[in-house]
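There are 2 protein chains.
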Amino acid sequence: MESYNGTPHTLTRFDDDLNSLRTLMMNMGGMAEQHFADALAYLLDADAIRGARAISQDYEINRLESSIDELAIQIIARYSPTANDLRTIMSVVKTITDLERIGDKSEKLARIAEEIGPTLRTTDFVSHFRVMGRIVSGMLHDALDAFVRLDAIAAEEIIRRDTHVNQEYNAVHGILLKFMTENPNSAEVSLRMLSCMRAIERIGDHCTNIAEYVIFQQKGHDVRHGELSRDKQRTQI
Amino acid sequence: MESYNGTPHTLTRFDDDLNSLRTLMMNMGGMAEQHFADALAYLLDADAIRGARAISQDYEINRLESSIDELAIQIIARYSPTANDLRTIMSVVKTITDLERIGDKSEKLARIAEEIGPTLRTTDFVSHFRVMGRIVSGMLHDALDAFVRLDAIAAEEIIRRDTHVNQEYNAVHGILLKFMTENPNSAEVSLRMLSCMRAIERIGDHCTNIAEYVIFQQKGHDVRHGELSRDKQRTQI
Numbered sequence: 006m007e008s009y010n011g012t013p014h015t016l017t018r019f020d021d022d023l024n025s026l027r028t029l030m031m032n033m034g035g036m037a038e039q040h041f042a043d044a045l046a047y048l049l050d051a052d053a054i055r056g057a058r059a060i061s062q063d064y065e066i067n068r069l070e071s072s073i074d075e076l077a078i079q080i081i082a083r084y085s086p087t088a089n090d091l092r093t094i095m096s097v098v099k100t101i102t103d104l105e106r107i108g109d110k111s112e113k114l115a116r117i118a119e120e121i122g123p124t125l126r127t128t129d130f131v132s133h134f135r136v137m138g139r140i141v142s143g144m145l146h147d148a149l150d151a152f153v154r155l156d157a158i159a160a161e162e163i164i165r166r167d168t169h170v171n172q173e174y175n176a177v178h179g180i181l182l183k184f185m186t187e188n189p190n191s192a193e194v195s196l197r198m199l200s201c202m203r204a205i206e207r208i209g210d211h212c213t214n215i216a217e218y219v220i221f222q223q224k225g226h227d228v229r230h231g232e233l234s235r236d237k238q239r240t241q242i
Numbered sequence: 006m007e008s009y010n011g012t013p014h015t016l017t018r019f020d021d022d023l024n025s026l027r028t029l030m031m032n033m034g035g036m037a038e039q040h041f042a043d044a045l046a047y048l049l050d051a052d053a054i055r056g057a058r059a060i061s062q063d064y065e066i067n068r069l070e071s072s073i074d075e076l077a078i079q080i081i082a083r084y085s086p087t088a089n090d091l092r093t094i095m096s097v098v099k100t101i102t103d104l105e106r107i108g109d110k111s112e113k114l115a116r117i118a119e120e121i122g123p124t125l126r127t128t129d130f131v132s133h134f135r136v137m138g139r140i141v142s143g144m145l146h147d148a149l150d151a152f153v154r155l156d157a158i159a160a161e162e163i164i165r166r167d168t169h170v171n172q173e174y175n176a177v178h179g180i181l182l183k184f185m186t187e188n189p190n191s192a193e194v195s196l197r198m199l200s201c202m203r204a205i206e207r208i209g210d211h212c213t214n215i216a217e218y219v220i221f222q223q224k225g226h227d228v229r230h231g232e233l234s235r236d237k238q239r240t241q242i
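Residue numbers (my numbering), protein chains in the order written: chain A, 6 to 242; chain B, 6 to 242.
One or more of the hints may lead you astray.
Stretches of chain B that chain A covers, calculated by requiring three or more beta carbons in the stretch to come under 8 angstroms of a beta carbon on chain A [claimed, not checked]:
#, stretch
1, 67 to 79
2, 82 to 91
3, 97 to 111
4, 176 to 186
5, 191 to 203
Calculated from the structure, these hints are not laboratory results.
Since we're looking at a predicted model, the values are computed, not measured.
Yeah, the Cβ is synthetic: ideal placement off N, Cα and C, and Gly gets one too.
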């Protein structure tokens, strides 16, 4: 076993390996961003090429998740990092679980887009989807950025943005409910629109999780269930 | 730094600490089981006392999640475990994230039960909920049991059970859709029933995750995205 408290040579190798771990996580993050953006482009702008990519892209993200888990274990076993570095590694391991779920939900979004995109784009709902998609894409990008820069202030601001996502979701939920009551034959398509909204809203939750891991490792204590924790009850159920 | 490859005395302390970690995880698992059972009892049998408990219980589960994360970091920092033991510790850290989400969803279930329980219990849907609740409760119990016994065969069987949950969910989804089309004024209550079904179905997904971590640590390789991985596309969206 090597100790990274040892020679400068070993320290460098530890730093290199930890950087590789972060780089792989950021690659996975970039894929998740791309995946989500492709699904939105398919849903909102009928971009079929990006749609096909969103549906087929999940394998690569899943493969990366397994590799990163394995690398994390190897790094810990090889260098016996300190508690602080362990917090970083644990945060990476937890973050990639959220990134994998973002990939899943983007794929789901693209599959629903295939069915209801044409109908959705003729309704007023599409503008709400655009707003929500833009907020959540920004959250994902900024959460990954905050992770790399270890920026707890930015992370806190990202967590606060989730409130807007939930407000938007609740607004659309109300409008869709009214629409369904007035147009009983639209129940199926309405349910699918609701599934889309929920997939986007859930991706926002995963971004909140990632932001919480940033604060966790930066401050060295757990904020996940504290005052800045997202208000889970605010979303319409 | 202590090495658990050292004296038998240190080995015992490492084993003790690892056992404490597992015990805390099982306590959290027991709470999640209780939480889910309480929410189901409120929804299906109007048990208001258990309902109140399900709504108020989340804090304790969240507190345990933070303590277990911290203990995992301390154990790794103190004993520099081998890759195999790290796999176990990582599996605990990942499992508790799923247990925390099961707690969240149980609380959500209890909150919806408060609103729609009386209506639900007058419909035929209630029997479907009972079936699904029973399958998923069994999955949760058996997944925790398989974790403690490191029983990969049992874990594989639990993953297969998720298919039944998805089939049941899809069946109810179809019936509810028909019901909504025929009873437009029931849209709101129907949507809430669907939310209940989805919360139960999602708890099934979390049980599948836990079962996958059992196989991951037992076999020492990752099955999460292999042939036994749950078929995420099977659920109605």
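Subject >> Violating hint indices (sorted, rising) >> reply: Nothing - there is no hint that the structure violates, so all of them hold.
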